[in-house]
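Chemist: Protein chains in written order, with our numbering: chain F, 1 to 306; chain D, 1001 to 1327.
Rather than coming from a laboratory, the hints here were simulated on the basis of the structure. Among the hints, a few may not be true.
[As the list claims (entries may be wrong)] Computed spacing ranges between beta-carbons, pair by pair:
| # | chain 1 | residue 1 | chain 2 | residue 2 | range |
| --- | --- | --- | --- | --- | --- |
| 1 | F | Gly219 | D | Pro1196 | 40 to 50 Å |
| 2 | F | Val67 | D | Lys1322 | 46 to 56 Å |
| 3 | F | Ala91 | D | Val1302 | 11 to 21 Å |
| 4 | F | Arg297 | D | Val1214 | 44 to 54 Å |
| 5 | F | Gly219 | D | Gly1321 | 54 to 64 Å |
| 6 | D | Leu1111 | F | Val149 | 46 to 56 Å |
| 7 | F | Ile213 | D | Arg1210 | 35 to 45 Å |
| 8 | F | Val149 | D | Lys1322 | 54 to 64 Å |
| 9 | D | Ser1156 | F | Gly219 | 21 to 31 Å |
| 10 | D | Leu1017 | F | Gly219 | 31 to 41 Å |
| 11 | F | Ile213 | D | Gly1125 | 28 to 38 Å |
| 12 | F | Met180 | D | Gly1125 | 16 to 26 Å |
| 13 | F | Ala91 | D | Thr1213 | 20 to 30 Å |
| 14 | F | Arg164 | D | Thr1213 | 43 to 53 Å |
[As the list claims (entries may be wrong)] Chain D regions said to be covered by chain F (calculated; three or more residues, Cβ under 8 Å):
| # | region |
| --- | --- |
| 15 | 1100-1113 |
| 16 | 1140-1146 |
For each residue, glycine too, the CB sits at the ideal point set by N, CA and C.
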Amino acid sequence: MSAILIIEQILNGLQFGIMLFLMAAGLTLIFGVMGLINLAHGSLYMIGAFAAAATAGATGSFLLALVAALAAAAIVGAIVEIVVIRRLYCAAHLDQVLATFALILIFSEGTRWIFGSFPLFLDVPSYLSGPVSLPGGIQYSLYRLALIVIGLLVALGLWWLTARTRLGIQIRAGENDREMIAALGVDISKLYTLVFALGAALAGLAGALVGAIQSVQVGMGEPVLILAFVVIVIGGIGSIKGAFIGSLLVGLTDTLGGIFLPELFKLYMEPGAASQTGSALASMAVYILMSIVLVWRPTGLFGARA
Amino acid sequence: MIQERYINAPVIAGFLLLAIWAHLADEPFTITLATRAVLLALAAVGLNIALGIGGLVSLGHAVFFGLGGYAMGILAYHAQSFSPLELGSLTIVGTKSMPIIWLTAILVSALTALLIGLISLRTTGVYFIMITLAFGQMFFFFSISWSTYGGEDGLSIWVRNDFPGLNTLVPIQFFGICFLSLCLALILHSRLRASPFGLALNAARQVPQRVETVGLNPMRLKLLAFVISGAVTGLAGALFADLNRFVSPTMFSWQLSGELIVLIIIGGVGRLMGPVIGAALFVTLEHVLGDMTDFWHVWLGVILLLIVLFARGGVIGLLTGKAGPHV
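Take the sequences, apply the hints, and build the full model.
Modeler: This is the structure in structure tokens:
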């Protein structure tokens, strides 16, 4: 196994992790500020991807498709927050799980109703397609590299938003004491709608970006959603920094495990059994990582509260 | 308003009468539907022990359902193909005998519940929900990538397994087995709830600190509840796989975990008959709405939202006029 292959796989893991971060950041923000567990976050990812695929199909422009994905997910997010989610902030977690599970059913089947069961395709734009040469003679997909850059920029933007702006101060204050900032004259329900729409937009963006390398289909959101849960359990609920580090850990573990575990077992077993055992173990690697972190730190790496 | 105990008996009797009527009217499909409802109810009764009494919102109970299913599938597969499973010095020849399969399903599920519980009960609240969901997904992906037992395609068995003295391929006889299991599980639930263990568990759900001050260990109570709960759901899985004569990774899917919670909520959380009423309504809805439109899940979603937002006690809550215990 050559060094080039290893570096390629590390880059793939980074790219996957950073897309997970876009999902996990929204989830962790929504939980941190509103105390809400949102299973329907995967549906917003799917809505972003479908909006992008439909727009790209109609206009042929990838940039417009991304704008459409952001807008569609944010608008649907805001509507859902105002109509349903708002009533759940004081409810038990069980009610939140159930109501957002109901939303998944409605969104998934609704999308199937509108777009049919066949997957849609979103093409990588010509200016981002093809390989690019990295130092050391490594050929890597330009689009995947662009995803890494976009994700890092979004992470930087989120950090700036929460640490350096007035809105960020309100968000952080809302995490600590919602009555107090309401008493100080901040319109808390508007703030909640805004945070939810922001999380939704991030999920929609992730859906659209990943939609160009995978197929756009109903049910694409939930596997990513569950991995994003693993990420925030590892990173600590409510912590954006935790979400970032957790995403990279999960992305790298999942990608590298899938490639290297079967190879590792081939050193000790005959090839057929090795790839079988290796791939079965690789599919569990992320969850084993999560268990280890939990045994070590029950509230996650950067979690302050349970 | 009707008292809860006047609802329970008619529900159970209704199931039995429906099956007997269907048998006399020669409607085997109705019996199969009723058996399906009974088994979903059994799985949810299992979950209700953890969720209703212990307040453990497990979004990964499909793990136990699937383990039960695969316990059946694997044992029957080795028996029907006459290829014993070699595990080092241990040789498992497989079996078509239901009691042995059930025992295996119960033991495997209970043991897995113990392991998952030991890790996930270190946390509470949202963490617990997410972790159980994640473990469910772990088993799902494992079953897909383990190709010896069919991988993604699942595993079929040719004929239903045997129970001494019965012909399990006759729908009404198999229904009888499932129905009796459900009755036993309901008795277990009501006995547990009234036992010192159940009362302590109930208290641990409401105020864990107080339970701790009187010298009980809330974690141990919850762990035991989780194990019993997993074992019952595992039994349901073994029977469910036998009903379909097929087991596949979908029995591990997170949708199934969600649906089990849905069954409980439709009927009423923490109610003895909640899961039974929920399963009956769910299978009826699935059948009736499914005939009208391919997209019946949209309407199920709308009904669920309405229940969560406006009728928190579920059907039993509506009938009795009291919301159930707060979970």
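Chemist: Please go over all the hints and tell whether each is borne out by the structure.
Modeler: Verification of the hints:
1. F/Gly219 to D/Pro1196: 40 to 50 Å: holds, 45 Å
2. F/Val67 to D/Lys1322: 46 to 56 Å: About 51 Å separates the Cβ atoms of valine 67 of chain F and lysine 1322 of chain D, which means 46 to 56 Å holds.
3. F/Ala91 to D/Val1302: 11 to 21 Å: holds, 18 Å
4. F/Arg297 to D/Val1214: 44 to 54 Å: Since the Cβ atoms of arginine 297 of chain F and valine 1214 of chain D sit about 29 Å apart, the hinted range of 44 to 54 Å is violated.
5. F/Gly219 to D/Gly1321: 54 to 64 Å: Taking Cβ atoms as reference, glycine 219 of chain F and glycine 1321 of chain D lie about 39 Å apart, which means the hint is violated.
6. D/Leu1111 to F/Val149: 46 to 56 Å: Because 47 Å falls inside the window, the suggested range holds.
7. F/Ile213 to D/Arg1210: 35 to 45 Å: Distance hint for isoleucine 213 of chain F, arginine 1210 of chain D is violated at roughly 53 Å.
8. F/Val149 to D/Lys1322: 54 to 64 Å: holds, 57 Å
9. D/Ser1156 to F/Gly219: 21 to 31 Å: holds, 24 Å
10. D/Leu1017 to F/Gly219: 31 to 41 Å: About 39 Å separates the Cβ atoms of leucine 1017 of chain D and glycine 219 of chain F, which means 31 to 41 Å holds.
11. F/Ile213 to D/Gly1125: 28 to 38 Å: holds, 35 Å
12. F/Met180 to D/Gly1125: 16 to 26 Å: holds, 23 Å
13. F/Ala91 to D/Thr1213: 20 to 30 Å: holds, 29 Å
14. F/Arg164 to D/Thr1213: 43 to 53 Å: Holds - the Cβ-Cβ distance for arginine 164 of chain F and threonine 1213 of chain D, about 46 Å, lies within 43 to 53 Å.
15. 1100-1113: violated (count 0)
16. 1140-1146: The restraint on the region 1140-1146 of chain D holds, since 5 of its residues have a Cβ under 8 Å from chain F and three suffice.
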